[in-house]
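A.B. asks: Sequence:
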Amino acid sequence: MLDMTAELEHKAKSLQKLMLDGPLVKFSDLPAYINAVTNKDSINDRYLLLERLLVLMSRLGDSTQESEPLRKLGSEVQAFVIDLLYKDLPHPPSSYLSVAASSGIVPAASSSSSGPIKYAFRSADGSDYNPLFPALGKARTPYARSVPSIKLPPLSSLPDPGLVFDTLLRRDKFVEHPGGVSSLFFAFADLVIHSIFNTDPKDPTINNTSSYLDLSILYGSSDAEVNSVRRKDGTGRLWDDVFADGRLLLMPPASCALLILLCRNHNYIADKILNINERRAYKDPEQLSEQERATQDDEIFQRARLVNSGYFVQIILGDYVGTILGLARDGRDWRLNPLMEMRQLDHEIAPRGEGNVVSIEFNLLYRWHATLSEEDASWTEKIFRQYLGDADLSQVTPAQFHDAARTALGRTGNVREWTFHGLKRANGRFSDADLADLIMNATEYRAGAFKARNIPAAMRVIEILGIEQSRKWGVCSLNEFRKFIGLKPYDTFEQWNSDESVAAAARSLYKHIDNLELHVGLQAEEAKQPGPGAGLCPGYTISRAILADAVCLTRGDRFLTVDFTPYNLTTWGYEDCQFNVKDGSYGGMLTKLLFRTLPDHYEPRSAYAHFPFLVPSYMEKEMKTRDAKTSKGEASKYIWTRPPPPKPTTVVGQFEDVHKVLQPEFLTGQDQRLAKIIGHQPPDVKLTQQVLFANRDEWSRYFVAATKTLIQSRSIKSVGKTTQYIDIVKDVLNVLPIKWICEQIAGLHIRETTKRAHWTEQQYVKNFQDVCRYVFLNTDPTDDWELRESSIKTFQYFSEDVQEDFKTFSSWISDKVSSINEKDDSRKFLKQLFVSRGAKEPAELAASLFCEVVPTAAHFSQALAHVINFYLDEARRESYEAIISLSTNHATDAHEKLVKYVHDALSHDPPVSGLYLTATKESVVGGNRVRAGQRVFASLVEANKNRPQNQDGVFGITEHGLLYSPLFTLVAPRILATVLSLPNVRRAPGESGKLNRFVEYHRGAPIQQYVTYEGSISPFPDSLLLQYDRVA
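Numbering (numbering that gives the first Met the number 0), first residue to last: 0 to 1031.
To be clear, the hints were calculated from the coordinates, so they are not data collected in a lab. Model, not experiment: these values are computed from the prediction. The hints are all genuine.
In silico lysine to any residue, SDA-like type, Cα no more than 25 Å apart, as pairs: (1) Lys675 x Asp599; (2) Lys172 x Glu374; (3) Lys827 x Glu697; (4) Lys707 x Asp730; (5) Lys729 x Ser712; (6) Lys738 x Phe828; (7) Lys792 x Lys806; (8) Lys201 x Pro147; (9) Lys471 x Asn197; (10) Lys659 x Ala931; (11) Lys86 x Arg366; (12) Lys899 x Leu979; (13) Lys471 x Arg506; (14) Lys631 x Lys675; (15) Lys993 x Gln286; (16) Lys675 x Pro643; (17) Lys659 x Phe936.
Work out the full structure: start from the sequences and follow the hints.
C.D. replies: The structure is reproduced here in structure tokens:
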């Protein structure tokens, strides 16, 4: 009955949420759907059909959607929309601007592909993306023509380009973006646009870059350019802070700053691939011959490029397209997924990875100069002045501009020496502070609106050149383009733009709406207003076309679809490219890049990191408006002010220095994080400790018995042999504190043992690990949001369940009834705690118990794993045998000797590699003056390496719960002895018998990390398989 009530309550809450969001299809949506059905080849986009479908998909596919049938419906609708958008363009294109001399020849393989390659990799020039048409979309081949024009007015009858600019495009006054989009969004758009468009100045029919989102702006479009950015030292890394495309140097500086972060991301990825070494194929480059080093470098570089390019595209789909559709603004974590595998109604597989060729129509579509912020417009004027002198920028001729452009682009030189915006390099790198400042400025700058008459006057010559180029290309009209993508052609200029003065000016210039040029028509078209499904708010035609282009660019790339696999990217690399909807960014990927590459400058919970494509003041207002309707209080979780400049961090590794900073004068921040979890300052835990440790002898016996039971029940047999296998980490050590807390201490239910349970055993392990990571190991701001939210949920569940038990102790009848359940051993402890509570309220008592036993549970398991692993090494066979002997020795000092073995193992292999502390007052540490409020990173690994022989190591772990020294020293040696006393216990063969871990460096100090079976990185081990002999 209890289970049925809970299920009904769950369904009621789901229904209530759906009703609060409104019906899935509203009455006001019907005209759009009716128009689509009756005019499928000429849809009136003013009915906002696409937006309504996107809103429907976002509601059905959001992570909060709990109805499986509705989620399936959302997936089916999305598949239909993606298939529709992909087929907007022909694959391959049916027409080109010219015929390339090599179009029918299979291109020569890239120099990086010498020899047989057993993994997919991107060529430098974009060739071989389609095995059947290897030149499709490669660099230095012609643009495609999507729409052949059959209504091309005589060139002599078209209006003067300068006149067109002055009457329809020139900014009369700045109009800010109505959807709060930041300048950083368009800085990133520059990266997207320059990745796929680079018109050859000598032959404008040729695109000098590939038609793929392959980050050619970073890596280059030829072998020579790729080689210029590579170190080729066996690590697969690039040179520090480089990129290959000099055109970006003439863009607003935030574009270069973002590209530098993507360069750093490549090196971060390459380091991870080398350090993790998933296939155990890589070696220290110093140990390799020149040829071996070159081969290793090629493979790591190519895999890192696959990951980095995939990450770049996920930023496009998650942050960029998410902003275009207003998803982050509306609190939706659903994202359009054009990469998905799907079948059509006839069961035929929908095409993916066929290749792509960008077209001249879309080249013109991405001329978004109206969106330049006031600050970026001013910066652009200064750049023009730098190369054009005192010339009147509103009267610069194309010839003057070409001369200036040749001068500007001719100054690029060595990529390792490039600078921009006056930034200086130090040891080859730009300052983190300078890059962060540029990106945060761009986050604060509000972009301009898409509209007629909003392009800065300084861009006049650029727009004139664009109009002239479109005419030389023979581009179709606006109406022809609309008809091509299935939209209703405009009948009048007023339909195109309802502003009478704009419509009148266009009519005067073009006479008839069918004569309106594509470039001009796109830029001066009436723009959308912010609303559900509409965040970018460009003109209606652009809005429809950019989604089709995004789908084609990504779905047509085999390295993002059929070859986007863990095998090619490595398991870790593949996982690194996946969206995390629990990170506080509603599925964004740029957040992780900012935290990863500028960790000191973007503080956890900063809106500047979570929503960089939206102006913080705008997003705060939107979120508070949403909170007023939902009462969720989401806005209060973020920091809306600009992050302050960080204070320098001091790193210490000498034993004496680390021991000094572990004293009370330096704070770990653990209490503050515990306060965020429980909602108030951590309570006094002395009472809980007293009751808990009064039973320590009982707990010691419990853990020995539980260890034996788990090993016996979870071992697997070897067929035909007497050998048995046990995953000592996953099935024993990680489980021990879970069972103790749930079954002996807090009375929490485990799903395998009762239907009332909330979580499975492994879910408890993961959730308790999250608490431990948030409280003690919170060194990476990327993880802060998810760990905090997970910890809060864990505490709420723990507290509510414990308080329910406390209530029964205050009721005589309930207490008598509940005491019948003799298997619930936890009630004995909880009753002792409740009786001893004094004036403490049940909520405070539950919080105290949580703070005492939960945060350290994962550290307890890890410490035991390290100790057992340490003594399984053949080099420590003598210590291994001594431990077994001592376990049956009843001498008074036997246990003390076992404790010494445990401490010695932990000194050599500490569970915590390092931790941050903050000075409360000025002091001198390691010869450096540390001021109050300054952070120190203490390397426990280094400290234990140089500790005096007569001293125990430093572990940096708070003594609470199972890590309380009197309890830990009683329990840990007995668990160790129980495991090592198994008959002929030893490591399982191969990698199964080893901890899957690696060492990386944080601020120059070694950090030990583990690779989980899912390919993600964790500070905790998740598996170690042992074998032992079965006793007949």
